[in-house]
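K.L.:
Chains as they are written, first to last, in the numbering used here: chain A, 3 to 247; chain B, 2 to 425.
Source of the hints: derived by calculation from the structure; they are not laboratory data. As the structure is a computational prediction, the values presented were derived from the model and not from experiment. A portion of the hints provided could be inaccurate.
Unchecked claim - When the alpha-carbon atoms are kept at most 25 Å apart in a straight line, the in silico DSS-like pairs for lysine-lysine are as follows:
{"hint": "1", "chain 1": "A", "residue 1": "142", "chain 2": "A", "residue 2": "172"}
{"hint": "2", "chain 1": "B", "residue 1": "421", "chain 2": "A", "residue 2": "69"}
{"hint": "3", "chain 1": "A", "residue 1": "109", "chain 2": "A", "residue 2": "79"}
{"hint": "4", "chain 1": "B", "residue 1": "20", "chain 2": "A", "residue 2": "132"}
{"hint": "5", "chain 1": "A", "residue 1": "74", "chain 2": "B", "residue 2": "128"}
{"hint": "6", "chain 1": "B", "residue 1": "10", "chain 2": "A", "residue 2": "109"}
{"hint": "7", "chain 1": "A", "residue 1": "69", "chain 2": "B", "residue 2": "128"}
{"hint": "8", "chain 1": "B", "residue 1": "128", "chain 2": "B", "residue 2": "113"}
{"hint": "9", "chain 1": "B", "residue 1": "260", "chain 2": "A", "residue 2": "109"}
{"hint": "10", "chain 1": "B", "residue 1": "260", "chain 2": "B", "residue 2": "113"}
Unchecked claim - Listing some non-contacts, in silico: residues in chain B with all C-beta distances to chain A over 10 Å:
{"hint": "11", "residue": "6"}
{"hint": "12", "residue": "11"}
{"hint": "13", "residue": "44"}
{"hint": "14", "residue": "60"}
{"hint": "15", "residue": "116"}
{"hint": "16", "residue": "142"}
{"hint": "17", "residue": "193"}
{"hint": "18", "residue": "220"}
{"hint": "19", "residue": "264"}
{"hint": "20", "residue": "270"}
{"hint": "21", "residue": "298"}
{"hint": "22", "residue": "396"}
{"hint": "23", "residue": "413"}
What the hints assert, rightly or not - Derived CB-CB ranges, DEER-like:
{"hint": "24", "chain 1": "B", "residue 1": "400", "chain 2": "A", "residue 2": "18", "range": "28 to 38 Å"}
{"hint": "25", "chain 1": "B", "residue 1": "400", "chain 2": "A", "residue 2": "127", "range": "52 to 62 Å"}
{"hint": "26", "chain 1": "A", "residue 1": "69", "chain 2": "B", "residue 2": "28", "range": "30 to 40 Å"}
{"hint": "27", "chain 1": "B", "residue 1": "5", "chain 2": "A", "residue 2": "59", "range": "27 to 37 Å"}
{"hint": "28", "chain 1": "B", "residue 1": "339", "chain 2": "A", "residue 2": "18", "range": "24 to 34 Å"}
Built from N, CA and C at the ideal position, the CB exists for glycine as well.
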Amino acid sequence: MLLEAKDIVKEYKSTNTKALDHVSIGIEKGEIVGLLGPNGAGKSSLINIIAGLLTANSGDLFWEEKKIINHKLLSYKIGLVPQDIALYPKLSAYENLNFIATQYQIKRKERKLRINHLLQSLGLYKQRNKLISEFSGGMKRRINLIAGLIQQPELLIMDEPTVGIDIQSKQAIQHYLIELNKEGVSMLYTSHMLEEAQNICHRVAIMDQGKIIVTASPGELIKHSPEAINLEDVFIQLTGKELRD
Amino acid sequence: MIAFFGNIKKEVLLLLRDKAGLSFLFIMPIVLVVLMTLLQDKTIKKLQVEQLDIAVVNLDNGIVGKSILKGLKKMKIFHIHQQYHGDSLTLALAQKAVAKGNFQVGILIPPKSSIYTRRIISNEVRKQLPTIGTQIIPDSLLPMVDIQLFFDPIIKGSLRKALHSSLEQLMANIRTIIVFKSYTTTLQKITGKSNIGKFPLDRFSLSESEDLGDKSLKIPSSTQHNVPAWTVFAIFFMVIPLATQIITEREEGSLMRLKISPTPYSIPLIARICIYSLLAVIQAITLLLIGKYLLPLMGMQAFDIHGNYISFLILTLFIGLAAAAFGIAVGNIAKTHHQASVFGSISVVLLAAIGGIWVPTYMMPDSLLKIAQWSPLNWSLQGYYDIVLKADTINQLGGIILKLGLFFMLNLGIAVIYGKRKNT
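Please work from the sequences and hints to get the whole structure.
P.N.:
Right, here's the structure in full:
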C-alpha cells in the first residue's frame, strides 16, 4: 500500500459537525482512486488531512506501511491540486510555476526543464508568459494541475480538478492524467463528474455523511447494483435523492 | 536559499505589479511632503521666530517711552518698528499691520505716560516724606499708566509671556529710577543738601551661561518636520497593501501551496519582511531626495541630515521592520480584505495623528503628549528629529531602535499566533 488512512476522525468545533467519522482508505501504487460523494460528505476534509493541510482529531496515516509523523517530509512525494486556483493572478504562468518549484528546492536548470515540459504536455507553453489573471478557466485549471506536479510526486491528490471548464480542457486533463498514471503516478481524486470517474478510476470510494459507504471498481459497483447502468445510478441508489445544499 | 530567493523574487514581482499599492507608497507621500511643507512653512516660521517684529506706537515724549524703546532695542529678541510703509505708526495702523501678520506684536505707550508715572510716584513719596507746601492727591484721583499689547494670534504663549516679563522688567526699572529721583529731590528739599546721584541700575545684572547640551526644545522647520513625518507615514502605510496581499494569498489558495511545500513557513515570512523593509528604505531615500533637491527649488529650506546617512538608513530599516511586522499582524488578524484595509488605514492614520505626524508634538497639549509616546510613528519621527535637529549618530538612537525592535517582535508574535489559529 502506497498510502493508507486508518480510522480518521475530524470534527469542526466551530460548526459542531463531524466531517469524518472513523474513515479508512488505502491507495495502492499505480492506482487511481476516486473519492465520490454529495456536497458535505467529507471528501475535501479527507484529502486535506492526507495532504497535510488539516490535522485529524484521531486516526493515523501511513506511507508505504510507515506511520507519517512529519508531513513536511512527504511534501516531495505528495502533490496537491486544490479545488481553488491556488496561483498568483498577477504573476505569469511561468513565474507562478517557477516560484512553486523554488519551494521544493529545485535548481534553476532543472526547474526550467520541468516547467517547460509540463507546459508543453498540457498545451500551455506558448502562453507561459501571460498573467494568470488573463487565462481562461480551463487554462487556469491546467496550470493548477501542473503546479501540483512540479515536484514529480508519487501520489497526486486532486480536488475536483475539472470543475467548471470546457469539454476540450476537461479531455486534455483526463488524457494527461491517464498518461501520467501509466508513468506510475498514483492518484486520489474527488469529483462530481461520475462519468469521468467511471472512465479513469481503477477504484472508487463513495462517501456520505463523513463515512465511506462502499469501495470497489466502477464496473463491480454497477454489476452489483440492481437496475444501475452507470456509476451515477449506483451513486443515487447509495446516497439517495435528497438535496445536500 | 533557493526557496528564500524564490520568495524574494515573487514578492518583488507582486509589489511591482501592484500599481495602486505603489502609488500609495510613493506618490502619496511625495505629494504630502511637498504640499504640507508649503502649507506649514509660514506658520512654523512664526513659531520658530527667535526675533519678534514689534510695532511700537510711542505717544509719550518722556522717560517711559524712551526707556521702553531703548530697553527693547537692547534685548536681542525684539526688532523694533515705529514706521509702516514709510508712515509713522498710529494705533489703528499698528493693529492693522499686526492683524495682517506684518508684525508679531504691537505696543502702545499712551501719551503722558512719563508725566503720569512721575505724578503717581511723587504722590507716594509725599505720603512718606511730607514737606511744607505740598499736597497729597487721593489714589482714586491719580491717573492710570496703561501700556497696551496686542499680538498676532499665531504667537505662542511662551513668547507672549517673554514679552510681558520684559516689559514688566523695563517698567520696574523706570519706576525704580523715578522713585529714587523723587526721594532724592524730596530729601534734598528737607536736608538742603544737593547730592542728587544716579541710581546704579547697571550694577545689577542677570547673566546666562551657554546651553548645557539639551537641544530637545529646538523647534523643527517645516521641511525638518514634514519630510521625516511623511516618510514615517508612508512607511507605515505599507500595512495596507501588505495585509491585503496576505489575505489574498489566504483566500485565493496560494498560501496552501506554501503550507504543503517542504519550505518552512518562516522562509516566506522572512523574505516578505526583507522586501518590505527594503521598500521602506527606498521610500525614505526618495523622500530624502525630494526634501534635499525639490523643496529648495520651491523656495523651501533644503532637508539636511548632516551627513548621518548610516544612522538615517539604519533607523529607516528598523522603522520598516516595525511597519512590516504590523502589516503582517493585521493581515493575519483580519478575516477579509475589507477588514484589513479599514483597520489598517484607520490604525495608521490614528497612530499618525497622535504620533505628531499631522500636527507636530510641540504644538500638542501635555495630555496628548503622554498619549503620543505610545505611537510607534512618534518614536520613528523622534528618531528622525534626533538625526536632523541634534545630528545624533546611531549610538545615540539606541532607545528608539530598541522600542521599534520590541514593536517588531510583538507584532510578529501576534501574527504567528493568529496565523496558527487560522490554520487549524
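K.L.:
What are the numbers of the hints the structure violates, in ascending order?
P.N.:
5, 7, 10, 11, 12, 19, 24, 26
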